[in-house]
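Taken in sequence, the protein lines are chains A and B.
Numbering of the first sequence is given in the numbering used here, commencing with residue 766 and proceeding in unit increments.
Numbering of the second sequence is given in the numbering used here, commencing with residue 766 and proceeding in unit increments.
Quick caveat, the hints were computed from the structure, so don't treat them as lab data.
The reader is advised that the hints may include incorrect statements.
Which copy? The list can't say, so a pair holds if one copy fits it or any two copies do.
[Claimed, not checked] In silico BS3-like pairs for lysine-lysine, Cα to Cα no more than 27 Å straight-line:
(1) K947 / K922
(2) K1037 / K892
(3) K1122 / K1107
(4) K947 / K1037
Protein chains: 2
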Amino acid sequence: MIQTVGYAASSSSSDLLPFAFERNAAGPFEVEIAVTHCGVCHSDIHQARNEWYNTLYPCVPGHEIVGRVTRTGSQVSRHAVGDTVGVGCMIESCGHCQPCTHGEQNYCSGPNSWLATYNGPVIPAVKARDRQNTYGRENTFGGYSSTLVVHEAFVLKIPAALAPELAAPILCAGVTTYAPLKHWGVKAGDQVGIVGFGGLGDMAAKIARAMGAEVTLFTSTPEKLRAAARMEAHAVLESDRATMQSLAGRFDFMLSTIPQAHDVNPFIDLLKRDATLVVVGALDRLPPVNNQALAFGRKSVAGSMIGNLAETQEVLDFCAKHAIGPQIEIIPMQQINEAFAKVVLGDVRFRFVIDMKSLAEPEPGR
Amino acid sequence: MIQTVGYAASSSSSDLLPFAFERNAAGPFEVEIAVTHCGVCHSDIHQARNEWYNTLYPCVPGHEIVGRVTRTGSQVSRHAVGDTVGVGCMIESCGHCQPCTHGEQNYCSGPNSWLATYNGPVIPAVKARDRQNTYGRENTFGGYSSTLVVHEAFVLKIPAALAPELAAPILCAGVTTYAPLKHWGVKAGDQVGIVGFGGLGDMAAKIARAMGAEVTLFTSTPEKLRAAARMEAHAVLESDRATMQSLAGRFDFMLSTIPQAHDVNPFIDLLKRDATLVVVGALDRLPPVNNQALAFGRKSVAGSMIGNLAETQEVLDFCAKHAIGPQIEIIPMQQINEAFAKVVLGDVRFRFVIDMKSLAEPEPGR
Chain A
766 MIQTVGYAAS
776 SSSSDLLPFA
786 FERNAAGPFE
796 VEIAVTHCGV
806 CHSDIHQARN
816 EWYNTLYPCV
826 PGHEIVGRVT
836 RTGSQVSRHA
846 VGDTVGVGCM
856 IESCGHCQPC
866 THGEQNYCSG
876 PNSWLATYNG
886 PVIPAVKARD
896 RQNTYGRENT
906 FGGYSSTLVV
916 HEAFVLKIPA
926 ALAPELAAPI
936 LCAGVTTYAP
946 LKHWGVKAGD
956 QVGIVGFGGL
966 GDMAAKIARA
976 MGAEVTLFTS
986 TPEKLRAAAR
996 MEAHAVLESD
1006 RATMQSLAGR
1016 FDFMLSTIPQ
1026 AHDVNPFIDL
1036 LKRDATLVVV
1046 GALDRLPPVN
1056 NQALAFGRKS
1066 VAGSMIGNLA
1076 ETQEVLDFCA
1086 KHAIGPQIEI
1096 IPMQQINEAF
1106 AKVVLGDVRF
1116 RFVIDMKSLA
1126 EPEPGR
Chain B
766 MIQTVGYAAS
776 SSSSDLLPFA
786 FERNAAGPFE
796 VEIAVTHCGV
806 CHSDIHQARN
816 EWYNTLYPCV
826 PGHEIVGRVT
836 RTGSQVSRHA
846 VGDTVGVGCM
856 IESCGHCQPC
866 THGEQNYCSG
876 PNSWLATYNG
886 PVIPAVKARD
896 RQNTYGRENT
906 FGGYSSTLVV
916 HEAFVLKIPA
926 ALAPELAAPI
936 LCAGVTTYAP
946 LKHWGVKAGD
956 QVGIVGFGGL
966 GDMAAKIARA
976 MGAEVTLFTS
986 TPEKLRAAAR
996 MEAHAVLESD
1006 RATMQSLAGR
1016 FDFMLSTIPQ
1026 AHDVNPFIDL
1036 LKRDATLVVV
1046 GALDRLPPVN
1056 NQALAFGRKS
1066 VAGSMIGNLA
1076 ETQEVLDFCA
1086 KHAIGPQIEI
1096 IPMQQINEAF
1106 AKVVLGDVRF
1116 RFVIDMKSLA
1126 EPEPGR
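One chain only, chain A, in its complex shape (with noise of 0.2 Å):
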């Protein structure tokens, strides 16, 4: 056994504390990862508040891993001690369904589906065919801590031109984002409208803006209309109504990455005829759709979840080749609660990354 140590959540309501547990020594595929940085994702906030009623506790968050390699199983071939390496949502698939047979682990329509890095199966025994736990693991620790024992396919290589802390959100936000731009084939000369600038907005206009679109970011908070411009993004708000109407019809693709329900109706009108509005930041019911908007233009709403095991080697790479990455802010895992406080209100630029040196600090007043 690994004496790890961690920040969880013992319940909804409490702020994350430290928190020590045990991880399993590495079997013959997994390698043990000593966790570098981690990125704080909204999502790590929906849990560890049991926003979307299905949180296991204790909850350790964090899927946005960055570490070392610390020792491998005796099966090992694709990782080795001392590699820099990285571990997203995802640490384990059936491995035997339609979609992990096709090599999109993310959609495993095994009886559990995928296992999350934190809160265990995505479908868990409660709610799975004959209630079965094909994982064994109830739960799961996520990278707020300072280790990570992971299969080694679930093991994503880092590329030596990402520093650590900038690859981090793109284990999560980067492939979140990149997936879907793949998959509706958004290419060179591209309209692209990003809805929401924060941690996925930050990257989705980043990654689109390589694949050669031209990226518009909309959001609510006018502070960040400055930053859209330092990237080279047109920025629109959304309260601009002028504006919005000017942008009817503009768009080839749009992908919203505001994380909890919102309106998509205004977004709708400014796609092309036939194009594709994504959700990707919300789980949630979506307001009433206007479906003769939909109608009028043959267009369509549609949902993306995280992304393959291919496609975040691949976004990882592409990253890396056209020396792109989050921006963010490094902070201590002590201040983790300011930090969630922070990001739900959007007062973040825009990814903060935890330093996990930082664990190993004394707790101050403790």
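Dock chain B against the given chain A, drawing on the hints supplied.
Using the frame of chain A, we list chain B on its own:
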């Protein structure tokens, strides 16, 4: 001028009553048509009753029109006197926009969009850019009338193998379902779900079967299950939860023909990964869509609006070739108000078609 008799609603609460009006004689590119049959579409009721809040009165509905050419303008080359022809939902479009120049008249992005067979331009002057009316016609009168005068390009050829009364509903119910089935690439061996089993559902199921798909119809009306069996389609009661659950993830494509806002979430669950539910019946705000269900299968909800002229001719020829057509009940014009009431109750198998000969008969009791 051509003396015309029709049936019109004079307000949202009035019955349709006989209405005499004049049509302009055919211009150089127009044909005059003696209407022989007109289908009764749920849209006729929505429009007559102002359920889309845009009705111009008097309102003469009818956009599933078949008749005989009685006169042609001097420049008409496509149709000849005596031809059996059809007119669907559109009688003109701008002709210059990107969709029009690509043959997608039904998505005309001109200042007033397309000119509807009844109720005038889709975008009326009061809502148009610069408040213009490029068609010079505020209102238009549909096929619940003795005569129609239409530009030859918007007049379809009725194949000899199709009885005129069966051809009529194909001009709206047929093409509205054929166009998305074709656009989303339904092919032999696909599992196709058709939601709602009225006039559109009847045509959708027959067309999808003729394309080689295996069809399942979803209805809320137990009495319709037998009708589905007759057309060699599976049929499921929407309220049958066990069957609904057993169909999770089954369908390559689903088409909802329900003519008003309805919960699409139960049907999203039945889609395969990457599959699309297209809503053609409802021009309303759809109740909240569960984006989690979309995201976990990269699924889409889309809209589609009738079909273009080429698709309308195609579906007529397709139905003739495959010897399929709507199941209809023929009524005289004088029974239109009873027919409307029955359509609203779903008490029709499956399309009323007005025999326009009846227009010449004396009004009972008048």
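Hint check:
For the identical chains of this complex, K947 and K922 are intra-copy neighbours only, at 20 Å inside a copy versus 43 Å across copies, given an alpha-carbon limit of 27 Å. When the C-alpha separation of K1037 and K892 is checked against a cutoff of 27 Å, the pair qualifies only between copies, where the shortest distance is 19 Å, while the shortest distance within a copy is 39 Å. Proximity of K1122 to K1107 under the C-alpha cut-off of 27 Å is restricted to the intra-copy arrangement: shortest distance 22 Å within a copy versus 73 Å between copies. Taking the shortest Cα distances, K947 and K1037 sit within 27 Å of each other both inside one copy (18 Å) and across copies (20 Å).
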